[in-house]
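**Student:** Residues per chain are reported as follows:
Number of protein chains: 4
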Amino acid sequence: MNYQGILNEIEKEIDLKNFDGKVASYIPELAKVNGEKFGMHLYTLKNGHYSFGDSNEKFSIQSISKVLSLALAFDLVGNELWDRIDVEPSGDPFNSLAQLEYENGIPRNPLINSGALVISDILVTHLKNPKKDFLAFVRQITNNPTINYDDAVAKSEKKWGFRNAALINLMKSFGNIENKTKKVLDFYFYQCSLSMTCKELAETFMIFANRGATLETGERIITPSRTKRINAIMQTCGFYDEAGEFTFRVGLPGKSGVGGGIVAIHPNEYSVAVWGPKLNPKGNSAIGMTALELLTTKTGYSIF
Amino acid sequence: MNYQGILNEIEKEIDLKNFDGKVASYIPELAKVNGEKFGMHLYTLKNGHYSFGDSNEKFSIQSISKVLSLALAFDLVGNELWDRIDVEPSGDPFNSLAQLEYENGIPRNPLINSGALVISDILVTHLKNPKKDFLAFVRQITNNPTINYDDAVAKSEKKWGFRNAALINLMKSFGNIENKTKKVLDFYFYQCSLSMTCKELAETFMIFANRGATLETGERIITPSRTKRINAIMQTCGFYDEAGEFTFRVGLPGKSGVGGGIVAIHPNEYSVAVWGPKLNPKGNSAIGMTALELLTTKTGYSIF
Amino acid sequence: MNYQGILNEIEKEIDLKNFDGKVASYIPELAKVNGEKFGMHLYTLKNGHYSFGDSNEKFSIQSISKVLSLALAFDLVGNELWDRIDVEPSGDPFNSLAQLEYENGIPRNPLINSGALVISDILVTHLKNPKKDFLAFVRQITNNPTINYDDAVAKSEKKWGFRNAALINLMKSFGNIENKTKKVLDFYFYQCSLSMTCKELAETFMIFANRGATLETGERIITPSRTKRINAIMQTCGFYDEAGEFTFRVGLPGKSGVGGGIVAIHPNEYSVAVWGPKLNPKGNSAIGMTALELLTTKTGYSIF
Amino acid sequence: MNYQGILNEIEKEIDLKNFDGKVASYIPELAKVNGEKFGMHLYTLKNGHYSFGDSNEKFSIQSISKVLSLALAFDLVGNELWDRIDVEPSGDPFNSLAQLEYENGIPRNPLINSGALVISDILVTHLKNPKKDFLAFVRQITNNPTINYDDAVAKSEKKWGFRNAALINLMKSFGNIENKTKKVLDFYFYQCSLSMTCKELAETFMIFANRGATLETGERIITPSRTKRINAIMQTCGFYDEAGEFTFRVGLPGKSGVGGGIVAIHPNEYSVAVWGPKLNPKGNSAIGMTALELLTTKTGYSIF
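Chains as they are written, first to last, in our numbering: chain A, 762 to 1065; chain B, 762 to 1065; chain C, 762 to 1065; chain D, 762 to 1065.
Since the hints were derived computationally from the structure, they do not count as laboratory data. Be careful, since some hints might not be right.
Just so you know, same-sequence chains aren't split out, so a pair can sit in one copy or run between any two.
[Claimed, not checked] Here are the computed lysine-lysine pairs in the DSBU-like style, where the Cα-Cα straight-line distance is at most 30 Å:
hint : residue 1 : residue 2
1    : Lys944    : Lys1059
2    : Lys916    : Lys944
3    : Lys941    : Lys793
4    : Lys1043   : Lys889
5    : Lys919    : Lys943
6    : Lys793    : Lys944
Here chain A stands alone, though its shape is the one from the complex (with noise of 0.2 Å):
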């Protein structure tokens, strides 16, 4: 398959002039952002990277880094873990109160706010030094030292966070938060301040498409079985409310963050990373979707 030759027509067909969303303005980290950034990288099993645009400027992954303290948490305490969590999706916007209110404090999957609230609790309990050891993790997986967080962007986040605050002490009133709520939310809130360019975020999610190892080193990160169930909810929970929508468009596994990031993966195919930072009402990459849809499309192949 060409796959530059692909990626070419995309870029070309995509005009950014058709994409008005609006720049996350939450933070004023994530309101200075260039809405006109896009960029796109696929790193393919058999035939290495292919690539377009600003795909090797840093950006902040936010919610992307939801899969990857999953796949860590997982790894830590297996089946456990959905005690405390459901797998559902949420049908509801991200942070909703109201759902996780009729529901006793249970998240409805551990890629919306609340369910990676639960999963970065579990974290801080059973990491010796949450913030270093899952820095570490990415890396390794990532095979990439430099990989790091965003100082400023956390730092903001902690300000601005009086949603993710409500969340947490629902969910402790319900006796589903462990720790203490503010150490929990410091850690939550590094863990998506994450910076990657599009080429390691891609190298990052090869994990997801490989069956659980690395392809670089070929060391077993998770078990295929687990990587089977991540790339499972990535599916069905990955994008919010707009679940399904990514699915019917894209048909693949994916994640999407509010600095418009979107991550997808096909099995035993490749992982591929874009970047468009204006996000459609539902809070995704406009331009990120519509790049993954052309991609699927004119591949010809999905998992469907």
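Place chains B, C and D on chain A using the hints.
**Tutor:** Okay, now just chains B, C and D, sitting in the frame of chain A:
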């Protein structure tokens, strides 16, 4: 009207054994209250005081204090209040986040927790020494300088107040809280910890039966028009999602607290307080509701 | 009290141009009503009748009829009624299916559509000729044999009554409707089509101000205790999700209809009806609410 | 792959005694089905048929038929479909009116009852003889002229279909139903009454594994692109509020019915049907979900 005779009948007719509710147990200080307590105090405009049982024993008035903080805030900022709080019955439990989320952080009314937290925020903004000044206000309308907070109760509430922390953080995320959440919560927990006997409670609420003026000193505390409006709010919102039931059975404006107290007023006739710590599933004193229903049935008069 | 003087002031002070609501338009028969109509009729226990404007013009009383069918059903089956309907304010629009579904087909109160449909079901079960017998009941309490249904309105309601069909089918699925849905709906639409003037409406509702007896003939229609309870329900549930607002502003039990009518009563003092077809966004007569607020402000008396 | 061996293992490992769900009982025709039935049929693209147990016994496919009517409607009106139905998981029970009301009569997806009723409405509009033409379509893709409706089931559904009547009336009130509700419901109940064996069901769904073409005749029924999209919808919406669980455990697109059937497909590999009438609390065949989980575990392949 032979009020004492009627009170005696009520005391006789009510058999504690028929009431199997539960004493509030979410903090240890309330859990250790004796569930068998039962007292009632009626304070009439024209004929003074009537009572029975444990009417001179102190208990935690809890949410009943919300009417007092509402009165003070209404006096301080007038109708601006209603830009930040509605006056509709909630139809939902007193601490529902779901409703608050759907309604963008605007509480349904000032007598549910979220609404009382906004009132607390207003008092924190407008009072020099919120805790001290609010206590002075209560002592003034009660004409009783011994009324005080219960420090142990306030501290325990603070320790277990995760749900209130969730509520206030959610409202802060919507911009409906001006001050630091910690400061507002601290004031709120102290306000709720006020300790009174049935007699003191009836005396305190006499201003709402007496068109806004104290009976002892004749001092006007709130205008008749605002008194009427506060009474209206008590009628439709004073009993969480049992406001309709209380209105249906008793037919008077009133307010309950999880300490087992209920206060009600008959405008131009009397104020009445009853205490029985066992709560029904909706969080209201089971015996208190029955005692007040008997009162309006036996006197033959409610406001309807 | 100079009631006629007060009414004249109300008429003068209210400027129709300031009220920009919309005439109900979901059926053609209501849509063609002149939005500029405005009339008021006050009927006092001790001093007879006062009025102004279009107070002698017939209009469709619509949901106001729900109080009358409630009164008849309460008389027929007594407290059994409350096994099938609650007495809590809905906090939701008058035709909410969501709430009804969460609460397993038990309507929140008898004055929202679902509750009134259960009342209709009860009347269909217990009356030999439901439409005829109910009309006879209304004529009896009004002491006016000319009161009648509006056939065109009833037929139009039936033609467009999909939402009521949804409500009744949902309740039927929960086992809370005994008769055929078609038969109950037919009765319901006729009941709502009753046509009255402000004067007739005030006369009809006099029984609720007069402890259950007609004023003209002294005949007792409902017991004082049940009258008190119906008034309580009007207070907390008479204005859909604006019940708190009406209680707050006006301070009297009352009921509105989408035909633009509002009736209210001051127990032992008066009944009052006002008509202004333009509805506010909550479905209540905007001008009617203001006229009644002026009435209790100018007389200086509400029930609070 | 030794498919028959794997099926034999599944049959052996599953102990019916461990599955205590309940046979659907809302209509007598389903209630009398023997809960001990258990059969499975696997139909591979390259190696034909494998099966065990009661795989040749007819049962009511119920909601599984919704995928077939969706396929036909998608073919008839194309993407216009998505103006009237969304493609998001519901996160709520299959017959939720609450969600439908909040979302103004637009069903979450075509595989819940409300969505399937809109599909029925579309078919009633576009087919000359809806029941006959739809049956012909099913027979065509199955290459089996004996497939038929179960008249007794359809009539029973109609008799007890109050909740579906509620759904369709609610959508009609929002303008999302074009035809008479009675006519649409009649078609819908017949569609759901289709009777098939596991073998027939697997044969019918082969088109979704085979990029839209029948395997026997090679005839293209739907385009590959639309096939992919229907599969995506099955993945996120095929199991009501257990879609995430099925995706997590099984990892294949599929659809369940209250008759106890489940069908799933592995694109380009196989279609598979399993039947076990006892339902778990979410309304899906408990034994069927486990059998399919074993299938993807033992073969080592799902789409993830």
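**Student:** Look at each hint and say if it fits the structure.
**Tutor:** Hints, one by one, checked against the model:
no. : hint             : in the structure
1   : Lys944 x Lys1059 : neither (46 Å within a copy, 42 Å between copies)
2   : Lys916 x Lys944  : both (13 Å within a copy, 22 Å between copies)
3   : Lys941 x Lys793  : between (32 Å within a copy, 27 Å between copies)
4   : Lys1043 x Lys889 : neither (36 Å within a copy, 40 Å between copies)
5   : Lys919 x Lys943  : both (10 Å within a copy, 15 Å between copies)
6   : Lys793 x Lys944  : within (28 Å within a copy, 32 Å between copies)
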